[in-house]
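Position chain V with the ligands relative to chain C; hints supplied.
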Amino acid sequence: MKSGFGLDLARPSRRHWLGYLLLAPAVLLIGLIIIYPLIVSVDISFQNVNIARLDQPRRPFTTANYERLFSSPDFWNASWITLKLVVIVSLFCFLLGLGTALLVNNKFKGQAFARLLVALPWAVPEVIAVVIFAWMFDSSFGLMNWVFIKLGFIDTTVNWFSSPVAAFAVVCVTMIWKGYPFVSIMMLAGLQSIPDDFYNAARVDGANAWQRLVNITIPSLMPVLGVTLILVMLWVFRDFSIIYVMTGGGPLKATQTLSIMTYEQAFGFFKMGYASAIGVVTLIVCVIASRLMIGRAPDNI
Amino acid sequence: MAGIHIENVTKSYGQLSVLKNFSLEVSDGEFVVFVGPSGCGKSTMLKILAGLEEASSGTIRIGGRDVTDLAPGDRDIAMVFQNYALYPHLTVRKNMGFGLKMRGTDPTEIDKRVTEAAKILGVDHLLDRRPKALSGGQRQRVALGRAIVREPQAFLMDEPLSNLDAKLRVHTRAEISALHKRLGVTTIYVTHDQIEAMTMADRIVIMKDGAIQQIADPDTMFKKPANLFVAGFIGSPGMNFLRATVNTNGPSPAARIFGYDVPLRIPQSFAGREVILGLRPEHIAAGPGAVTFDVMPRLVESLGSEKYVYVDVPVENRVEAARTGGDERRADTIIARLINPDERVTEGPIKLSFDPARLHLFDATTQASIE
Ligand SMILES: Nc1ncnc2c1ncn2[C@@H]1O[C@H](COP(=O)(O)OP(=O)(O)O)[C@@H](O)[C@H]1O
Ligand SMILES: [Mg+2]
Chain C
93 MKSGFGLDLA RPSRRHWLGY LLLAPAVLLI GLIIIYPLIV SVDISFQNVN
143 IARLDQPRRP FTTANYERLF SSPDFWNASW ITLKLVVIVS LFCFLLGLGT
193 ALLVNNKFKG QAFARLLVAL PWAVPEVIAV VIFAWMFDSS FGLMNWVFIK
243 LGFIDTTVNW FSSPVAAFAV VCVTMIWKGY PFVSIMMLAG LQSIPDDFYN
293 AARVDGANAW QRLVNITIPS LMPVLGVTLI LVMLWVFRDF SIIYVMTGGG
343 PLKATQTLSI MTYEQAFGFF KMGYASAIGV VTLIVCVIAS RLMIGRAPDN
393 I
Chain V
4 MAGIHIENVT KSYGQLSVLK NFSLEVSDGE FVVFVGPSGC GKSTMLKILA
54 GLEEASSGTI RIGGRDVTDL APGDRDIAMV FQNYALYPHL TVRKNMGFGL
104 KMRGTDPTEI DKRVTEAAKI LGVDHLLDRR PKALSGGQRQ RVALGRAIVR
154 EPQAFLMDEP LSNLDAKLRV HTRAEISALH KRLGVTTIYV THDQIEAMTM
204 ADRIVIMKDG AIQQIADPDT MFKKPANLFV AGFIGSPGMN FLRATVNTNG
254 PSPAARIFGY DVPLRIPQSF AGREVILGLR PEHIAAGPGA VTFDVMPRLV
304 ESLGSEKYVY VDVPVENRVE AARTGGDERR ADTIIARLIN PDERVTEGPI
354 KLSFDPARLH LFDATTQASI E
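So the protein sequences, as listed, match chains C and V.
Our numbering applies: residue 93 is where the first sequence begins, and numbers increase by one.
Our numbering applies: residue 4 is where the second sequence begins, and numbers increase by one.
The shape of chain C in the complex, shown without the other chains (with noise of 0.2 Å):
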């Protein structure tokens, strides 16, 4: 018997030891590419910076970028904006999700091609995705136009991104057709794990299609559901892209979010402490949000 200072790593009392050795690089790496910034970030929402570089030396501790942020009428438009598209968007993401999840659900001919139309929108990057909607909302020549004055809604065209009312609307067009595919896939896997005596039960038990939806489907879908939902929140929530194309925050600011807002001042004002503090806000909130919802979750199945 040996008994020296051998790393025998298969002995049960040290079988966790390989696991954090297998998991040590992965922590390091996470440790650089987010804990790093996140901590240079909040450092730096804490000074008055302008343009923020590494090797300056550090500017005193100051308070003055958060009483800014908490006094300016700008950041409470943004973080109300932001609210609302989150509100909004999330909800008609999460019925036209669920409906359409629904519907390619059932067996008929082509559910393979309609599943994949269904899908189609998630592969579409973001930008070709909002060039495809603003030429559709063009006041000159754009097909939206055309179509509600064909259809009597309108009378003369109307110019879609001048207008706060119409752009914040146009914006949540496109987030709701980029960001329901998402959903869309999420619920049909979850669909497709609800065995099929559990609808088998129900019909002989008397329960209609809309009774089944709500006793069977829904509360079946609720792990899957809850995670969804906070993914495309946070999606909605720190999305840039869509909004910086199509709008870049106006008109009158009518579709500045809280990521438009932390771009502008960082690169726009070169106000990178301002900015740094915004970005913390917008992740402290992020963080109770998410947090409240899985607490939330229901602790079926």
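These are computed hints drawn from the structure, not numbers from a lab.
Check the hints yourself; a few may be wrong.
Stated by the list, open to error - Stretches of chain V that chain C covers, calculated by requiring three or more beta carbons in the stretch to come under 8 Å of a beta carbon on chain C: (1) 97 to 107; (2) 194 to 204.
What the hints assert, rightly or not - Calculated Cβ distances over 10 Å to all of chain C for the following chain V residues: (3) S30; (4) H92; (5) G139; (6) E285; (7) R301; (8) V318; (9) H363.
As the list claims (entries may be wrong) - Label pairs and their computed distance ranges (CB to CB): (10) V:R68 to C:G191: 36 to 44 Å; (11) V:A74 to C:I127: 52 to 60 Å; (12) V:P91 to C:L326: 23 to 31 Å; (13) V:R68 to C:I310: 29 to 37 Å; (14) V:K122 to C:A118: 49 to 57 Å; (15) V:P91 to C:P256: 46 to 54 Å; (16) V:R68 to C:A381: 53 to 61 Å; (17) C:I310 to V:A74: 18 to 26 Å; (18) V:K122 to C:Q284: 35 to 43 Å; (19) V:P91 to C:S254: 51 to 59 Å; (20) V:G67 to C:W302: 30 to 38 Å; (21) V:D222 to C:A301: 41 to 49 Å; (22) C:I386 to V:A74: 35 to 43 Å.
Backbone N, C-alpha and C fix where the C-beta goes; we use that ideal spot for every residue, glycine too.
Here is chain V with the ligands on its own, set in the frame of chain C:
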């Protein structure tokens, strides 16, 4: 409570014909078991009865009412599924009351009936748990409870015991039988296990490849199997089969097995015909008897109270495996089941005997029983 009347029901999935002309009359309060190997169409027939599948043709009446084109919920039947299909997000109480709630029954009435059913099944202490916090046996009871609170005209059960371990299965089998006696509700029970069929059924419907082979009570099924398939399916270990040609060397028709001419009680006209003789393992005895033959056992298994003696079959008596309905047993061996054997049966040559009156005769080509 009601009788069930199934008339000429067929079912095909495209080219595949799953049920062929299924007709059955189930009287009020009867316990009928559908039995057959996996894939023979038992579940399909049950689903058609429940209205979960559409029959390709034929009619179904429950309690005199034509339900062929009625939705499952309007047929007034309850079904127990193999994997129980309990809703994971609902408590046992809500699971059991689900059917009543869907029908808009008054909540106090639901509560009363659920409590009552839970008492009958001994799950009243589990009512506020979720299904995942129950054992297999408890889930099974809850599934039964969900069926009985509805007080339907008939119960349909699809292999409700197959997810239980062997011991619990025997126990629950007896409980379902007792429950049926107590409630007296017409029940159709599907299983692939012939022992369940034999112990529980008032009448057995034995199926193969979508066709009914025989409908009879368990005793008749055992004593007078209609064909080779039924004979091989019912009983454990299964019936031994021997191939022989009827000869008239002696005064009456006889078949030569194990080198002996065994007289058969059939008309002279059978001379020259090829037949299959069936002999149940328990009808072979140790020691001399009406027909005695000396054999060298290949293997002797002792189960304590009984011994299984495996004996090689002479080449001319072997039946091709396909004939015996896919029985996985080897066609070149027969089994003798000796009950309370004495110590003589060990290694070495032994004398076995049987009574020729116990022989079952089957036509080698049609496989039907010869009376
Ligand atoms: N939806 C379906 N489509 C095609 N074939 C099916 C379908 N359902 C069942 N079958 C076939 O029907 C036959 C009978 O199935 P089933 O009734 O489930 O058998 P079992 O007797 O084991 O319950 C099987 O061969 C099965 O493959
Ligand atoms: Mg089955």
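Results of checking the hints against the structure:
Under a criterion of three residues with beta carbons nearer than 8 Å to beta carbons of chain C, the stated coverage of the segment 97 to 107 of chain V is upheld, 4 such residues being counted. Coverage of the segment 194 to 204 of chain V by chain C is violated [criterion: at least 3 residues with CB-CB distance below 8 Å; count 0]. Chain C leaves S30 (chain V) outside its interface by the beta-carbon criterion, the shortest separation being 23 Å against a cut-off of 10 Å. At the 10 Å boundary, the C-beta of H92 (chain V) falls inside the reach of chain C, the nearest C-beta of that chain being 4 Å off.
Non-interface status of G139 (chain V) relative to chain C is upheld: no Cβ of that chain comes within 10 Å, the nearest being about 16 Å off. Chain C leaves E285 (chain V) outside its interface by the beta-carbon criterion, the shortest separation being 39 Å against a cut-off of 10 Å. The beta carbon of R301 (chain V) sits about 45 Å from the closest Cβ of chain C, which is more than 10 Å, so the claim that it is off the interface holds. The Cβ of V318 (chain V) sits about 50 Å from the closest Cβ of chain C, beyond the 10 Å cut-off, so the non-interface label holds.
Annotated as non-interface, H363 (chain V) keeps its C-beta farther than 10 Å from every C-beta of chain C; the closest such distance is 40 Å. A hinted range of 36 to 44 Å holds for the C-beta pair R68 (chain V) and G191 (chain C), which are about 37 Å apart. Checked against the hint of 52 to 60 Å, the C-beta distance between A74 (chain V) and I127 (chain C) comes to roughly 59 Å, which is consistent with it. Checking the proposed 23 to 31 Å range against P91 (chain V) and L326 (chain C) shows it holds: the Cβ atoms sit about 28 Å from each other.
Between R68 (chain V) and I310 (chain C) the beta carbon distance is about 34 Å. The supplied range of 29 to 37 Å therefore holds. Between K122 (chain V) and A118 (chain C) the C-beta distance comes to about 55 Å, which sits within the given range of 49 to 57 Å. The supplied range of 46 to 54 Å is met by P91 (chain V) and P256 (chain C), whose beta-carbon atoms lie about 47 Å from each other. The hint said 53 to 61 Å for the Cβ distance between R68 (chain V) and A381 (chain C), and at roughly 56 Å that hint holds.
With their beta carbons about 22 Å apart, I310 (chain C) and A74 (chain V) fall inside the hinted range of 18 to 26 Å. At about 38 Å, the beta-carbon gap between K122 (chain V) and Q284 (chain C) stays in the expected band of 35 to 43 Å. Here the CB-CB span from P91 (chain V) to S254 (chain C) is close to 53 Å, well matched to the stated 51 to 59 Å. Checked against the given bound of 30 to 38 Å, the beta carbons of G67 (chain V) and W302 (chain C), roughly 31 Å apart, stay inside it.
Separation of D222 (chain V) from A301 (chain C) is about 47 Å and conforms to the stated range, judged on CB atoms against 41 to 49 Å. Look at I386 (chain C) against A74 (chain V): about 40 Å separates their beta carbons, and that is inside 35 to 43 Å.
Hint compliance for this structure: hints 2 and 4 are not met, and every other hint is.
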